[in-house]
Amino acid sequence: MNLKPETLSKIDEVITHYPTKRSATLPLLHLIQEDVGHLPPDTSEWVAAKLELQPINVLEVITFYPMFRQKPIGRRHIKVCRTLSCALLGGYKTCATFEQEFHTHLGEVSPDGEVTVDFVECLASCGTAPVVMIDDELHEKVDGAKAKQLSDQIKAEAKKR
Amino acid sequence: MIAPAKPDLVTVNIDGQEIAVPKGTNVIEAARLVNVDVPHYCYHPKLSVVGNCRMCLIEMGMPAVDPATKAPIMDPATGKQKINWIPRPQIGCGTNVSPGLHVKTTSPMVKDAREGVMEFLLINHPLDCPICDQAGECKLQEQATGYGRGYSRFVEQKNVKPKRTQLGPRVTLDDERCILCSRCIRFSKEIAKDDVLGFVDRGSYSTLTCYPGKKLENNYSLNTVDICPVGALTSTDFRFKMRVWFLKQTIAIDTESSVGANTVVWSREGTIYRITPRRNDEVNDTWLADSARVLYKAVKAVDRLAATETIEALVARAAALFQSAPGAIAVVGSGRSTVEEQFLTRHLATALKASAQLVSRVGQGDKLLISADRNPNVRGALVTGLIKTLPAQQLTDLATQIDAGKIKVVVAINEDLSVAGLTTAQLAKVSIVYLGAHANATSAAAKVVFPTLTVFEKSGAFVNQQFRIQKTLKAVPAAAGATDDLVVLAQLVVAAGGATLPAELAALWKAIAAEVPTLATMTFANLPENGLLLDATPFAALPFVEGETLHYKPAQPAVAAAIA
Ligand code: SF4
Ligand code: FES
Ligand code: FES
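The listed protein sequences derive, respectively, from chains C and H.
Adding 567 to a residue's 1-based position in the first sequence gives its number in our numbering.
Adding 62 to a residue's 1-based position in the second sequence gives its number in our numbering.
Excised from the complex, chain C in its bound form:
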């Protein structure tokens, strides 16, 4: 496991927040995913050794939560809400637009490596449906046109690199 020194020091610090080491499993997994972008195959063993657990205990947690990814994703993570309010106001179309714009399918890395599009459950902004989260940023009332606009922005930024 190749973690940045900052991640390592955060990990050591966060373990001290809990009465039992085991409780730090979730925060550790989050920190590793933030650093690496996903949870590489040796994560279970690494975290287990760190927290004095058995690897199976960590694997159970990793596979339980959809938010943990065991495979790499695109440079940006586009999460389109699929729950009721967003679905009624065109969430499916928004999602399809992103897929077309980046020639990709749900859960896959787009051919240019820029994005991974996911169709997720309620993002808790139902009043401004349909909503989309790109990495940590919430975008409201994203209809087809706005989805196209956001996609163009991403592509333009990609060109600059």
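Each hint can be trusted.
If you anchor each label on the Cβ, the simulated ranges turn out as follows:
hint, chain 1, residue 1, chain 2, residue 2, range
1, C, 652, H, 216, 25 to 33 Å
2, C, 607, H, 228, 22 to 30 Å
3, C, 675, H, 160, 52 to 60 Å
4, C, 576, H, 190, 50 to 58 Å
5, C, 634, H, 78, 49 to 57 Å
6, C, 632, H, 302, 34 to 42 Å
7, H, 160, C, 632, 35 to 43 Å
8, H, 191, C, 673, 34 to 42 Å
9, H, 148, C, 609, 42 to 50 Å
Hints listed in this document are in silico derivations from the structure and should not be mistaken for laboratory results.
Every value quoted in this text rests on a predicted model; they were computed, and no experiment measured them.
Think of the CB as a built atom: it goes at the ideal place given N, C-alpha and C, for glycine as much as any other residue.
Following the hints, position chain H with the ligands against chain C.
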């Protein structure tokens, strides 16, 4: 009837029956005491309680008291204290008794709850009982009979999960049958201390898995098969061999070490198909080592000895040997023989004016159900007076005496003398009379060979490390050409000039009781299935080799005990 309440007892009412149970008992166990069955899957008396299957739902209530005065509120209709029933079902496994607790296990709410749980459990179940090994001893099958609908309302697609996964060398997993009770996971973690099993993914995709790259291969892995309430975990050895309802069950003892784990031998028409643990809370709880479950293979082993002469002819030849060397005979008995055989061996040694010795077998104890002493019955030899001191691993004395020409005949019972340190030259120098079930270097060198029985073909008693005398019963008939050890020994005693002793257990036990003070009040028939603790004080000073195992702590050395 209301049982008298003792300080550590709590009186509860289950389906109208009052019973006093120890504090800390849960509702499932309390109900068992009044013969009320609370169906359950995930609860196991020897594992931690997790309450995840919800099969044990019951209705529960507490006697009503006035919130202000704490005075009991009476029900005018019955004249008894009113019961406040909780409007929702509770899990019986996770509910410990409290004074006055009332439980209903037959109310419509409970029936509804059980039916609901069963319907959900069967949604993704493959319903493949006709080809499932667990059929006949499956809790799911039993509860489906009691609480299943009999037809399915499920029109969706069933889940597809891994089939025939080899979790390890001895255990096969069918994930589609798994009801996610987690007993196997808890066993591996809590008892076997080998935490390799777990559930991955979630919801209806939850799948029991062994951590990738690891195996369920500890020597207790087959206990997961025993406790799996359904047919998800099966024994690779037993799989597809036999329907369990055709098998006869016989109680037996694990003879691989001095722990003496209690077992059940399952056989049909003279063939043994499997060995499983038998619960004994003082010895092995509900567990058994994997290695103990393959011992039956010795019965049909290719190296079984079979007689080519009649027993009378063999005895006559042995008698001739005995007469040829008076005073120069040694007897090597066995810590693997039963108490009864050791008793007769002692008589044989006395009649021959020979000293008797045993061969010790010491290995690493596993701290659970295999102790360091790999002889199951060294203590039996002490109790019957066959030996006075603990045996050694090598027969060095005997070797010296053979070399010096002082010993000319050796009677070896179930012990391969070459393993016990005698050289081929030494074996050739003496005339050997061998009693045993299997061929080995000693039987090959012997002048007279009596083919005898494996432990599965005879009844008898063993005294384990706790000085608990336990019985094992004959599961299958004797192999062709083999004779019961007791018959051979009794005839040899006579051939050696000793008294006539019975070879039949009931009669033999009269002689044993008359001669062995520790066993004075016993008969074989009266030995309880869970064994009986004998007085160990006469042997307290002996340096036994066992370390700590389940339900056994070695006694403190006598000196330390005296100081304390
Ligand atoms: S395999 Fe059997 S014991 Fe293990 S969780 Fe599934 S049903 Fe329970
Ligand atoms: S339904 Fe889309 S944010 Fe709640
Ligand atoms: S036995 Fe009580 S919840 Fe499973």
